[in-house]
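Protein chains: 2
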Amino acid sequence: MNKVILLDKRPVGKPQLSDFKFIEEEIPQPGKAEMLLKTAYVSVDPYLRGRMIDAKSYALPFQLHQPVSSGIVAEVTESNLEGFSKGDFVSGMLEWKEFQKSDGNGLYKVDATLAPLSAYLGILGMTGLTAYFGLTEIGKPQKGETLVVSGAAGAVGSVVGQIGKILGCRVIGIAGSDEKVEMLKSKFGFDEAINYKTTKNMKDAIAEACPNGVDLYFDNVGGNISDGVLANINKFARVMVCGSISVYNETTVPMGPRVESTLVKNSALMQGFIVGNFAAKFPAGIAQLSTWLKEGKLTYSETIVEGFELIPQAFIDLFEGKNMGKMIVKI
Amino acid sequence: MNKVILLDKRPVGKPQLSDFKFIEEEIPQPGKAEMLLKTAYVSVDPYLRGRMIDAKSYALPFQLHQPVSSGIVAEVTESNLEGFSKGDFVSGMLEWKEFQKSDGNGLYKVDATLAPLSAYLGILGMTGLTAYFGLTEIGKPQKGETLVVSGAAGAVGSVVGQIGKILGCRVIGIAGSDEKVEMLKSKFGFDEAINYKTTKNMKDAIAEACPNGVDLYFDNVGGNISDGVLANINKFARVMVCGSISVYNETTVPMGPRVESTLVKNSALMQGFIVGNFAAKFPAGIAQLSTWLKEGKLTYSETIVEGFELIPQAFIDLFEGKNMGKMIVKI
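Residue numbers (our numbering), protein chains in the order written: chain A, 1178 to 1508; chain B, 1178 to 1508.
For reference, chain A alone in the conformation it holds in the complex:
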């Protein structure tokens, strides 16, 4: 029998185990031009919380009494689909099921010899690609430029900073604890890091950390932190505004200093994006990131728990901060 996890109730406040329901069903038979997949690694992510409520977002909400889906790496166990063979591994948005069939739509093959399979859910998956495409396609960093990253200790921010260093930038991270600040410098190679919780004047702190001004700002957080960074941008600066699911669920728009005059004075660009905008280039992005990973130029943190039954708990634990880096369930 095949184990499946359904969304049974829409969470109110922090998700509970009782919001989910385990059922068993027959293992499906792949038809013509289909394959059977066996789930290997499941990504649990805070943004899934947003899809569990019934609100307009960039992604459709999950249906009640239907399987939850997230980023998954799975093994092909049978294939009637050209281009996919038994033993291949694929990654993409799949359902929380031990086995499922697929026509290959939205999936891409991953190479277990290039990197551990779990990496395809993090540094070689959505978070790594978000960092890579946001920085390179929108930011277009030039050697010697100064890059500031907010949310720098997160799965996206830590990769942004490392890529910035690879590309020859001076990199300054902003994070929320002294431990994270230390880790940014020691583990991820940031040149400087700022603890925003102990910083009174972010504008001055950025000015001090960035004596040549800010050419690139990768923004994972917005708000007052961004105001302090924007007050220090240079001519032709590029501000990458990274999709954070939190903004989709805002009911009122917060107020802040208008940015028009800053953008005009500096001929600066501010661009919102989600990683899906670059879907056509994912294979090239994964190739570049895995090369850097093999060369030892990129590092990452992950927390792996084991067992299909632990998927809902791993998801719930995200909101208690029990993970260090990317949270992944190995099946």
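One thing to keep in mind: the hints can contain errors.
Unchecked claim - Which bits of chain B does chain A cover? Going by a derived footprint, with three or more residues having C-beta under 8 Å, they are:
hint, stretch
1, 1395-1408
2, 1442-1453
Claimed, not checked - Straight-line alpha carbon distances no greater than 30 Å define the calculated DSBU-like cross-link-like pairs of lysine-lysine that follow:
hint, chain 1, residue 1, chain 2, residue 2
3, B, Lys1342, A, Lys1442
4, A, Lys1380, B, Lys1458
5, A, Lys1320, B, Lys1507
6, B, Lys1412, B, Lys1263
7, B, Lys1191, A, Lys1442
8, A, Lys1320, A, Lys1362
9, B, Lys1263, A, Lys1412
10, B, Lys1186, A, Lys1442
11, B, Lys1364, B, Lys1342
12, B, Lys1442, A, Lys1317
13, B, Lys1317, B, Lys1209
14, A, Lys1499, B, Lys1209
15, A, Lys1286, A, Lys1474
16, A, Lys1474, A, Lys1364
17, A, Lys1362, A, Lys1499
18, A, Lys1317, B, Lys1412
Claimed, not checked - Restraint ranges, calculated between C-beta atoms of paired labels, are given here:
hint, chain 1, residue 1, chain 2, residue 2, range
19, B, Gln1243, A, Ala1408, 28 to 36 Å
20, B, Gly1400, A, Lys1380, 19 to 27 Å
21, A, Gly1283, B, Lys1412, 13 to 21 Å
22, A, Lys1380, B, Ala1461, 34 to 42 Å
23, A, Thr1468, B, Asn1257, 54 to 62 Å
24, B, Ile1343, A, Lys1380, 37 to 45 Å
Hints in this document: simulated from the structure, not taken from any laboratory. All C-beta atoms, glycine included, are put in the ideal place defined by N, C-alpha and C.
Start from chain A and add chain B according to the hints.
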């Protein structure tokens, strides 16, 4: 003798005739690799007011007791400079003098057979080029898209709207009087126009005028008007934030709704610019605009007064709104 106009005092409030001083000096002799220019048309512009005060801006302030400069079309009357011959006309930033010498730096030749010489100070000059490059290089309009223009009846906005129509967009203008609204539709071919002074809810007004949402927003004004437009932008929208000298002289930054979530939700771009960013492409821009002008696809308004002595008064009259379209002094 050569007539020259100096800035004699820094204006306080509305500029006065007494802020300027006429002097006479010898007509200069062009040296090696220089030419002598005779002023033909002088552009007077509101932004010059900003350069008359001693404040940091993108352009240096005018020096007291020195000649004022602005956009000028001049005739070459003597030339020791390769590439420039007697009888040629040139345009660029020049001083308020009847005659002046130049090494050609920052000047480009203009063709009196393509368009009236005064056009090189407006539709084929800074205002036309601002409209053209802002819209085409940043906005990259696609046929069928919806373009909203604020400050639509101005020298820049009216050209933006017309280029939008040429490129196949549906164009909606925002202006400050019923007369301007009428003119946008009848003279400049806008599909719709909104009088912001008689509009209670700009968001709803834009939604009604733009049933398919807003793909392109050329912003000359900012503030509440922009808030209403931004609330209606589509996925992959481009917001061109056009340099208005007013923002350079702001002492406090006004507050408004934060734009990050709007940009992320729509993967939208917001880009500040000044026309100088595209200086390398000016000849191509002038060629395209003059082609459209000859084909009758572009029109413009100008107010021409005649006489070197009238330059300061024409400048002062700008602040009384005595001009219709571009204000130019013919010498």
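To see whether the hints hold, each was checked on the structure:
no., hint, result
1, 1395-1408, "holds (count 4)"
2, 1442-1453, "holds (count 10)"
3, Lys1342(B) to Lys1442(A), "holds, 29 Å"
4, Lys1380(A) to Lys1458(B), "violated, 36 Å"
5, Lys1320(A) to Lys1507(B), "violated, 49 Å"
6, Lys1412(B) to Lys1263(B), "violated, 54 Å"
7, Lys1191(B) to Lys1442(A), "holds, 24 Å"
8, Lys1320(A) to Lys1362(A), "holds, 20 Å"
9, Lys1263(B) to Lys1412(A), "violated, 39 Å"
10, Lys1186(B) to Lys1442(A), "holds, 27 Å"
11, Lys1364(B) to Lys1342(B), "holds, 13 Å"
12, Lys1442(B) to Lys1317(A), "holds, 22 Å"
13, Lys1317(B) to Lys1209(B), "violated, 44 Å"
14, Lys1499(A) to Lys1209(B), "violated, 77 Å"
15, Lys1286(A) to Lys1474(A), "holds, 23 Å"
16, Lys1474(A) to Lys1364(A), "holds, 11 Å"
17, Lys1362(A) to Lys1499(A), "holds, 22 Å"
18, Lys1317(A) to Lys1412(B), "holds, 22 Å"
19, Gln1243(B) to Ala1408(A): 28 to 36 Å, "holds, 33 Å"
20, Gly1400(B) to Lys1380(A): 19 to 27 Å, "holds, 23 Å"
21, Gly1283(A) to Lys1412(B): 13 to 21 Å, "holds, 19 Å"
22, Lys1380(A) to Ala1461(B): 34 to 42 Å, "holds, 40 Å"
23, Thr1468(A) to Asn1257(B): 54 to 62 Å, "holds, 59 Å"
24, Ile1343(B) to Lys1380(A): 37 to 45 Å, "holds, 44 Å"
Of the numbered hints listed earlier, those contradicted by the structure are 4, 5, 6, 9, 13 and 14.
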